[in-house]
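Enquirer: Line order of the protein sequences matches chains A, B, C and D. Numbering-wise, the working numbering puts 42 at position 42 of the first sequence, and it's gapless, one number per residue. Numbering-wise, the working numbering puts 229 at position 229 of the second sequence, and it's gapless, one number per residue. Numbering-wise, the working numbering puts 24 at position 24 of the third sequence, and it's gapless, one number per residue. Numbering-wise, the working numbering puts 232 at position 232 of the fourth sequence, and it's gapless, one number per residue.
Hints are computed from structural coordinates only; laboratory data are not their basis. Yeah, the Cβ is synthetic: ideal placement off N, Cα and C, and Gly gets one too. Check before you lean on any hint, since a few could be wrong.
[To be verified] Computed footprint of chain B on chain D; a stretch qualifies when at least three of its residues, placed anywhere within it, have a C-beta under 8 Å from a C-beta of chain B:
(1) 19 to 27
(2) 115 to 127
[Claimed, not checked] Pulled from the structure, derived: some chain D residues nowhere near chain B, Cβ distances all over 12 Å:
(3) Arg3
(4) Trp49
(5) His104
(6) Gln130
(7) Gly226
[Unchecked claim] Here are the computed distance ranges between Cβ atoms for each label pair:
(8) Ala55(A) <-> Pro91(B): 44 to 52 Å
(9) Gln53(C) <-> Ser56(D): 32 to 40 Å
(10) Thr278(D) <-> Leu51(C): 51 to 59 Å
(11) Pro99(A) <-> Leu40(B): 21 to 29 Å
Protein chains: 4
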Amino acid sequence: MIRLQFSLELAYTVLTPSADFFFDFHPAYTPQQTVMLENLTVSQAAATWSLQQDASGQRSMRLQAQSGPLKVNYQATVEIAHYSDDPAQIPEVPVYQLPLEALHYIYPSRYCQSDRLAAYAFALFGHLPQGYSRARAVCDWVQQHVQFRSNSSSGTTSAIDTLVERVGVCRDFAHLMIAMCRAINLPARFVTGTDYGADPALGPPDFHAYVEVYLGGRWYMFDPSGTAIPMGMMRLATGRDAADAAFATIFGGVQSEPPRIEVLAEQNGHQWQLPVHTNQGLSTAVV
Amino acid sequence: MIRLQFSLELAYTVLTPSADFFFDFHPAYTPQQTVMLENLTVSQAAATWSLQQDASGQRSMRLQAQSGPLKVNYQATVEIAHYSDDPAQIPEVPVYQLPLEALHYIYPSRYCQSDRLAAYAFALFGHLPQGYSRARAVCDWVQQHVQFRSNSSSGTTSAIDTLVERVGVCRDFAHLMIAMCRAINLPARFVTGTDYGADPALGPPDFHAYVEVYLGGRWYMFDPSGTAIPMGMMRLATGRDAADAAFATIFGGVQSEPPRIEVLAEQNGHQWQLPVHTNQGLSTAVV
Amino acid sequence: MIRLQFSLELAYTVLTPSADFFFDFHPAYTPQQTVMLENLTVSQAAATWSLQQDASGQRSMRLQAQSGPLKVNYQATVEIAHYSDDPAQIPEVPVYQLPLEALHYIYPSRYCQSDRLAAYAFALFGHLPQGYSRARAVCDWVQQHVQFRSNSSSGTTSAIDTLVERVGVCRDFAHLMIAMCRAINLPARFVTGTDYGADPALGPPDFHAYVEVYLGGRWYMFDPSGTAIPMGMMRLATGRDAADAAFATIFGGVQSEPPRIEVLAEQNGHQWQLPVHTNQGLSTAVV
Amino acid sequence: MIRLQFSLELAYTVLTPSADFFFDFHPAYTPQQTVMLENLTVSQAAATWSLQQDASGQRSMRLQAQSGPLKVNYQATVEIAHYSDDPAQIPEVPVYQLPLEALHYIYPSRYCQSDRLAAYAFALFGHLPQGYSRARAVCDWVQQHVQFRSNSSSGTTSAIDTLVERVGVCRDFAHLMIAMCRAINLPARFVTGTDYGADPALGPPDFHAYVEVYLGGRWYMFDPSGTAIPMGMMRLATGRDAADAAFATIFGGVQSEPPRIEVLAEQNGHQWQLPVHTNQGLSTAVV
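Given the sequences, and given the hints that come with them, work out the whole structure.
Expert: Printed below as a string of structure tokens:
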């Protein structure tokens with residue numbers, strides 16, 4: 001089991017009389033992810049906010065702030081119990097048998113235009129044996145063919161752009177993997193989470209975007225960017241692509257500072273383990 | 001109240017050993033739309049199928065057919081009780097107060113790239129008084145600036161394409177209106193329905209794509225293509241755009257004939273009225 | 001040496017009071033391509049036309065026709081003397097030494113967005129030994145990865161579209177090969193010509209689009225669509241892509257019938273040979 | 001007559017063993033633009049370079065530099081004699097009568113996809129009286145509908161992008177105006193020049209991109225960005241769009257510093273005048 005200490009500081013200056021913020025930075029409540037303790041502070045006395053949980057356990061906060069500086073501080077202790085399985089034992093689910101919720105993730109979305117990639121994806125992956133290994137092959141292909149470069153993409157960059165230009169950040173790797181999976185009829189979705197930054201070579205902890213593919217009746221995690229340790233990734237929001245699952249969406253004139261994030265993994269010898277790379281299929285979601 | 005007799009005949013030839021069909025041609029069950037009688041016939045004895053209803057009342061049928069000819073016949077009697085209101089009394093809902101379900105329809109989707117249209121849409125509609133009339137202005141603008149031409153677009157045509165090329169079919173009009181609405185923070189969604197073809201000038205009854213905009217706590221209907229009588233439109237499926245709400249999605253090698261559709265409105269003087277054009281705001285959905 | 005009998009019949013109906021036609025169907029005058037006899041008939045007595053030759057020998061005809069039917073008939077006898085060389089002996093020209101005319105063909109154009117393909121093209125072809133064989137590798141790659149399908153593309157389809165969707169006609173194969181070549185700094189251009197339809201499996205004679213790459217101080221011909229016998233291709237117009245080199249560009253309201261084309265190769269045992277497939281590098285242009 | 005003192009300093013660090021530079025920073029030799037004195041210094045003793053002039057008087061410099069720092073300094077005195085005419089007297093040239101050279105500029109190019117804009121452009125400008133005033137209307141429309149914002153676009157941004165997103169720099173304003181002109185059959189081309197920065201509100205002298213439209217047998221200058229005084233613009237390179245007419249194209253690993261540019265207008269009361277805004281049609285090119 002993984003136990004993470006998550007700490008976040010967001011700093012803004014509201015330039016208009018007021019501004020609305022929609023935040024998805026609360027760790028989701030799921031059967032596999034338990035939020036033990038959490039603490040939220042908002043610096044503006046006059047700000048109003050509320051927290052709302054949807055059927056999947058995702059928690060969305062909306063906050064209305066007034067002109068001037070705004071700080072939002074959040075800390076939580078989160079425990080993640082991964083389901084893991086032997087990749088060789090994880091089958092694909094035939095389209096005809098997909099549950100309705102998973103079926104939606106087979107269709108194209110804003111940044112994952114799978115409808116245009118059928119021939120491309122079938123040529124690459126159509127002949128491979130079905131199962132977890134095929135999703136893994138898509139993940140590896142994306143990682144091998146796209147170069148990670150900070151600030152190489154923008155908010156409108158899509159999977160097609162990344163496929164053509166072969167460069168991006170974690171969001172772009174995720175979009176391309178999702179688009180390719182859907183093009184071969186594998187339901188795939190976008191997760192906004194945090195990256196446990198244990199490995200200095202991979203950089204400090206940060207928000208992260210990764211992929212889940214529906215296989216064997218569960219959603220299995222993949223990190224096509226190869227910049228994180230999947231076992232240390234914590235779920236914030238889930239959606240079809242980044243259009244659904246931004247950690248912050250802002251309406252109004254607002255100046256933002258880079259978020260400050262800390263993620264520490266606890267270790268006590270028996271109960272809490274440090275996240276490590278594994279060849280097992282890892283999952284934290286059934287729906 | 002409107003009472004429609006709906007009749008549909010679909011004819012395919014399955015060329016592969018089997019094929020999977022996902023159909024959304026059943027009229028949705030909603031508080032405003034009641035399906036009185038319905039009858040479904042599938043020509044293949046060996047075909048298996050099931051019908052599933054989601055939380056919104058949309059009914060999805062999945063069918064697995066074998067090689068060879070396949071006919072699907074469906075008839076239903078459907079009653080629609082429209083909610084109508086004075087446009088001057090229908091306000092916009094501030095983003096901060098949008099229910100979570102409506103909030104999703106403010107984000108960009110596959111064919112409605114509202115994230116790229118903010119400047120364009122604000123220049124056209126940002127200065128207009130808020131309310132139903134603003135959504136109507138978007139609808140009128142789309143109708144006036146896009147030319148209807150059969151077969152002028154394809155399955156990958158998006159709102160941006162239509163904005164640039166100024167030509168399309170009902171699906172394209174809907175996508176452009178939705179994208180423009182979202183760009184000015186109006187939740188908007190795509191409805192696949194049928195078009196009551198009473199007016200010979202507008203063509204025979206057919207599948208139709210139209211738009212719903214979230215205003216005053218309800219979803220109001222708009223027909224940016226101007227080719228239908230909104231009061232006669234019947235809801236089949238609802239989604240972010242055509243990626244979500246096709247009447248048929250097919251996996252396998254299949255040859256299709258054009259669907260044969262009939263929609264007849266009953267009229268009995270007092271209870272059942274013929275659909276007519278109206279200046280009122282019309283709605284058949286709260287969620 | 002190749003000797004072709006070329007015959008063309010174009011039939012239009014002008015629907016507006018008048019219409020302007022720009023035709024590039026005259027075989028170009030070049031040192032390697034000699035037009036022996038030619039005959040042109042225009043059916044409208046009132047039509048005016050003129051023929052103009054540019055520095056490269058390309059001949060453009062402009063014609064102004066009046067309302068009503070218009071037929072244009074053209075016949076020519078054309079001799080083509082190919083320069084051929086051993087592929088192993090044909091080097092690339094370093095960018096620094098490219099003549100100014102060739103340099104233009106290294107830049108992106110409307111349908112060949114090589115500026116976006118640098119990473120993609122270098123990953124595929126950057127490590128290959130320089131020379132004719134590298135251009136051949138691009139040609140083969142395009143032929144292997146794109147499927148030929150009639151009517152699968154439109155006048156706005158670009159190399160990026162073809163790269164993503166993997167389907168097209170000869171124009172699309174040419175655009176993709178050109179874009180990939182330019183992305184690795186090989187000057188490449190678009191030729192509109194005719195296809196000697198000797199092989200019934202490849203279809204009847206037709207207009208054709210093919211590619212020339214600047215290597216070893218000459219332009220070498222490539223047919224990435226693989227649908228023609230390059231030795232039998234006759235040059236009409238040359239440009240950066242299809243935007244430059246349409247066989248007909250029309251201004252006005254005009255209804256067109258499919259052009260009727262005949263290309264016959266003469267054979268007399270010694271002087272005139274039938275076009276055949278060859279492994280040699282073939283060229284008919286120095287500039 | 002305008003007399004400009006032009007001074008340019010370019011500073012690079014070549015990171016690879018060598019790098020090739022193609023520069024178009026020499027003022028073009030044209031009948032209306034005379035280069036009186038010029039001086040070029042290249043800091044690397046081992047660098048080789050040459051200067052080549054094409055038929056239009058454009059001068060391209062190619063330079064091969066070695067690893068390490070590279071500075072290129074250039075100064076010139078340039079006299080520009082503008083042809084000016086009353087806009088009301090400047091007609092459009094019917095397509096049928098366009099000279100072959102101008103005809104090329106009616107076709108779409110990499111960043112000016114006029115082939116997709118016919119309906120859009122005809123709706124806006126199709127009904128206007130033909131002549132200089134119509135090109136002026138396109139220029140004004142672009143200026144009014146696009147917002148100038150530094151760093152808002154990239155090297156792959158096209159006219160379609162700018163039309164949709166309504167923001168850009170001078171290059172983007174030029175591309176959109178060119179695309180719109182071509183869509184209504186007005187030949188239009190891209191000029192890379194310098195901006196006489198007399199007006200502090202418009203910023204210091206800089207490289208600039210502007211437009212020429214073929215009217216009345218000449219190329220007339222337009223500045224759709226509205227950031228320069230057209231009379232003070234000096235021609236460096238001319239092409240279909242930015243793909244053709246970059247001031248520098250670099251092959252190799254090179255780090256660049258921002259160019260340092262000075263443009264001073266001489267004034268001596270009678271012969272040399274300061275550039276001023278004018279309502280006349282201004283031209284410096286017949287071909």
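Enquirer: Evaluate the given range 32 to 40 Å for the C-beta pair formed by Gln53(C) and Ser56(D).
Expert: violated, 19 Å
Enquirer: Are Pro99(A) and Leu40(B) spaced within 21 to 29 Å by their CB atoms?
Expert: Distance hint for Pro99(A), Leu40(B) holds at roughly 22 Å.
Enquirer: Compute the least Cβ-Cβ separation between Gly226(D) and chain B, then decide whether it is above 12 Å.
Expert: It holds; Gly226(D) is separated from chain B by about 17 Å at its closest Cβ, greater than 12 Å.
Enquirer: Holds or violated: the region 115 to 127 of chain D covered by chain B, criterion of 3 or more residues with Cβ-Cβ distance under 8 Å?
Expert: holds (count 5)
Enquirer: Just want to verify: Trp49(D) was marked as not at the interface with chain B; is every Cβ pair farther apart than 12 Å?
Expert: Fine: 43 Å to the nearest Cβ keeps Trp49(D) off the interface.
Enquirer: According to the definition I'm using, a residue is off the interface if its beta carbon is farther than 12 Å from all beta carbons of the partner; does Arg3(D) meet that for chain B?
Expert: Its Cβ never comes within 12 Å of chain B, the nearest being 41 Å, so this holds.
Enquirer: Using C-beta distances, would you say chain B covers the region 19 to 27 of chain D, given that this needs three or more residues below 8 Å?
Expert: Since three or more residues must qualify, the claim that chain B covers the region 19 to 27 of chain D is violated, with 0 doing so at under 8 Å.
Enquirer: Is the hinted range of 44 to 52 Å satisfied by the C-beta distance from Ala55(A) to Pro91(B)?
Expert: violated, 28 Å
Enquirer: Would you check whether the claim that Gln130(D) is not at the interface survives, using Cβ distances to chain B and the 12 Å cut-off?
Expert: holds, 22 Å
Enquirer: Would His104(D) pass as off the interface with chain B, using Cβ distances and a cut of 12 Å?
Expert: Given that every Cβ of chain B is farther than 12 Å from that of His104(D), nearest at about 23 Å, it holds.
Enquirer: Could you say whether the range 51 to 59 Å given as a hint is met by the Cβ separation of Thr278(D) and Leu51(C)?
Expert: Taking Cβ atoms as reference, Thr278(D) and Leu51(C) lie about 41 Å apart, which means the hint is violated.
Consistency note: the structure conflicts with the earlier hints numbered 1, 8, 9, 10.
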